[in-house]
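Novice: Sequence:
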Amino acid sequence: MRHNRLKVLILGLVLLLTSCRADGPLHSADHGMGGMGMGGHGLDASPAPGYGVPAIPKDPNLRCEEITIPMCRGIGYNMTSFPNEMNHETQDEAGLEVHQFWPLVEIKCSPDLKFFLCSMYTPICLEDYHKPLPVCRSVCERARSGCAPIMQQYSFEWPERMACEHLPLHGDPDNLCMEQPSYTEAGSGGSSGGSGGSGSGSGSGGKRKQGGSGSGSGAGGSSGSTSTKPCRGRNSKNCQNPQGEKASGKECSCSCRSPLIFLGKEQLLQQQSQMPMMHHPHHWYMNLTVQRIAGVPNCGIPCKGPFFSNDEKDFAGLWIALWSGLCFCSTLMTLTTFIIDTERFKYPERPIVFLSACYFMVAVGYLSRNFLQNEEIACDGLLLRESSTGPHSCTLVFLLTYFFGMASSIWWVILSFTWFLAAGLKWGNEAITKHSQYFHLAAWLIPTVQSVAVLLLSAVDGDPILGICYVGNLNPDHLKTFVLAPLFVYLVIGTTFLMAGFVSLFRIRSVIKQQGGVGAGVKADKLEKLMIRIGIFSVLYTVPATIVIGCYLYEAAYFEDWIKALACPCAQVKGPGKKPLYSVLMLKYFMALAVGITSGVWIWSGKTLESWRRFWRRLLGAPDRTGANQALIKQRPPIPHPYAGSGMGMPVGSAAGSLLATPYTQAGGASVASTSHHHLHHHVLKQPAASHV
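Quick note on numbering: the sequence shown equals residues -22 to -1, 1 to 671 in mature numbering (1 follows the signal peptide of the UniProt record, and there is no 0).
Worth double-checking, as some hints may not be accurate.
[Said to hold, decoys possible] Here are the simulated DSSO-like cross-link-like pairs (lysine-lysine), alpha carbons at most 30 Å apart as the crow flies: (1) K557 with K458; (2) K585 with K507; (3) K412 with K324; (4) K282 with K566; (5) K566 with K585; (6) K324 with K556; (7) K507 with K291; (8) K412 with K282; (9) K585 with K504; (10) K542 with K504; (11) K542 with K86; (12) K458 with K324; (13) K585 with K282.
In case anyone wonders, no lab produced these hints; they're calculated from the structure.
Please construct the entire structure, taking both the sequences and the accompanying hints into account.
Specialist: Next comes the structure, spelled out in structure tokens:
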């Protein structure tokens, strides 16, 4: 499908060029003059059929105006004439067509392509020169040699409308043409000078720049984006060395240096063959992402990451495998216990089960790196995957880690909320259960919206250490938007409900102690144990979640400085170092899984052993003595409620094994007497038939 779409693009370019009226060879009716340096675009004389003509009067319909097309600004001249040879009356019309070539310009299939295109769509305008002033044939040939292979890969030839044979040769004294000297493709050196023409001229239609020398007799040069500037002499002001190192000849320019990977032609061709097509009302174009490191184009991050040694990466793999394996086992134990004894897990504790299920899926996503190669998930050849919507393995691992990670945070918010309803508002488990569908709607819908937004924005990228796909590994803005902001909001909301529930528990404990009487101390001790249990689990979530948020803040604040330090050795960084702290990253991965590991704390009790005992008895066909004992217990008369007549306004429970039967308000607002099990007060009365966790 992608190949077909790319063919549509190339076909569209061919039809566009061939549909343009070709009233003659590529030339401009602009006025120019021989002998001028234009920032690296020299004027050259060259003979070709149709160009050796005497000067003709200036066309009164032509107008000279400043170039406004964004792609063609800063190419060496700033004035153009319209109408142009493409029969465009305005630059707006020309801009719509020339910008269709922007993807090819961006992938830099040829450094001459932009100058060649702009010379056609925005021909130079020079006063006092009335002969055509096209580009030299060598410019066209260099552009064709670089970009034609991309078209030929999909069975399309270089368009006849752009045939280089129609252009004048470089060096012919009878006709002038514009030349742009070639420069090194690797970006390690700059280009300078122009060829042909003398170094001065009197034409005022275009701005003239003087600079380095070029081939032939042209003057004027332009430096490449990665030209070298040593940290000494006049260039010392270009250096930003915080240590103030002495002049050592060290290059201060930003370039794609090791361990970064320069995207050469082969990588660009491979990258283009995998690029999706996007539709625009006027044309088809490729949705290209030109990777830039510290402003250096066509530069990527290596698959294995640029910051750490092989030993550190190997230890990270073992570290992640250890904790993800423990998380997998702990959550699996919780889920299987829930399956064999579902009735035991009632609201408000049931969200713990769904939280464990989410961390189980996250652990599966982390463990996938041990079953699939990093190259299949987080890597795109030698490069780390960036701005990706595929392949399937990358997207699947992203959904396992991101979707279920966000869902686990929401389930923790729901757990805190249900505890608040039970402890603060005195809701019973039936009342909370009636609203469970809304809990599921929020817990699964919100992460779905977040995940879809990430995929639509192609924000999925590779994690060089984990070897999985996530969001925000290479883009701090994506990290802040899709990871930091949601996690912070969920943590604040959940902690608020949790603290409100604790306040209610302390109030109940005070009432019990004030009542006194028989068994008051035992009841208070039971409630204190429950509070300690809830408190431990709360700490086991809030502390890891807070640390993870802190680690993400650390990455978002300093990531750009770390990357810039790789490409620009003299760059001044604001962070504590030029690479991330290894210990911080290891702490982040551990804390991201710690909640799943400790989620089993809530079921670590004798009741879990009893549940498994009953399961094995049923599985082996042995009689269930526990069930018989519970049947006898149910025949006992109800135990009078210890709070009866205490002034708390709580009705006496009437069912064996129930907790405090408290009044609660239904959604409709009616107050009814509930015989539901209140999980908090179950721990105050020791009931053999209690079914709560």
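Novice: Take a quick look at whether K282 and K566 sit within 30 Å of each other, Cα to Cα.
Specialist: Within the cut-off at roughly 19 Å; holds.
Novice: Does K585 pair with K282 here, judged by a C-alpha cut-off of 30 Å?
Specialist: 47 Å, violated
Novice: Taking only the CA atoms, is the gap from K566 to K585 under or equal to 30 Å?
Specialist: 34 Å, violated
Novice: Please work out if K412 and K324 have their alpha carbons no farther apart than 30 Å.
Specialist: Roughly 12 Å separates the two Cα atoms, so the pair holds.
Novice: Decide if the proposed pair is consistent with the structure: K585 and K507, CA atoms, cutoff 30 Å inclusive.
Specialist: This hinted pair holds, its Cα atoms lying about 16 Å apart.
Novice: With a cut-off of 30 Å on the C-alpha distance, tell me whether K585 and K504 pass.
Specialist: 16 Å, holds
Novice: Holds or violated: are the alpha carbons of K542 and K504 at most 30 Å from each other?
Specialist: It is violated: about 58 Å lies between the C-alpha atoms, which goes past 30 Å.
Novice: Is the hinted pair K542 and K86 satisfied, with a Cα-Cα distance of at most 30 Å?
Specialist: Holds, because 22 Å separates the two Cα atoms, which is no more than 30 Å.
Novice: Decide if the proposed pair is consistent with the structure: K412 and K282, CA atoms, cutoff 30 Å inclusive.
Specialist: Violated. K412 to K282 sits at ~50 Å, over the 30 Å cutoff.
Novice: Against the 30 Å threshold, does the CA-CA distance of K507 and K291 hold or violate the hint?
Specialist: 43 Å, violated
Novice: Given the hinted pair K458 and K324, is their Cα-Cα distance within 30 Å?
Specialist: 36 Å, violated
Novice: Are the Cα atoms of K557 and K458 separated by 30 Å or less?
Specialist: Since the Cα atoms of K557 and K458 sit roughly 20 Å apart, the hinted pair holds (cutoff 30 Å).
Checked against the numbered hints above, the structure breaks hints 5, 6, 7, 8, 10, 12, 13 and satisfies the rest.
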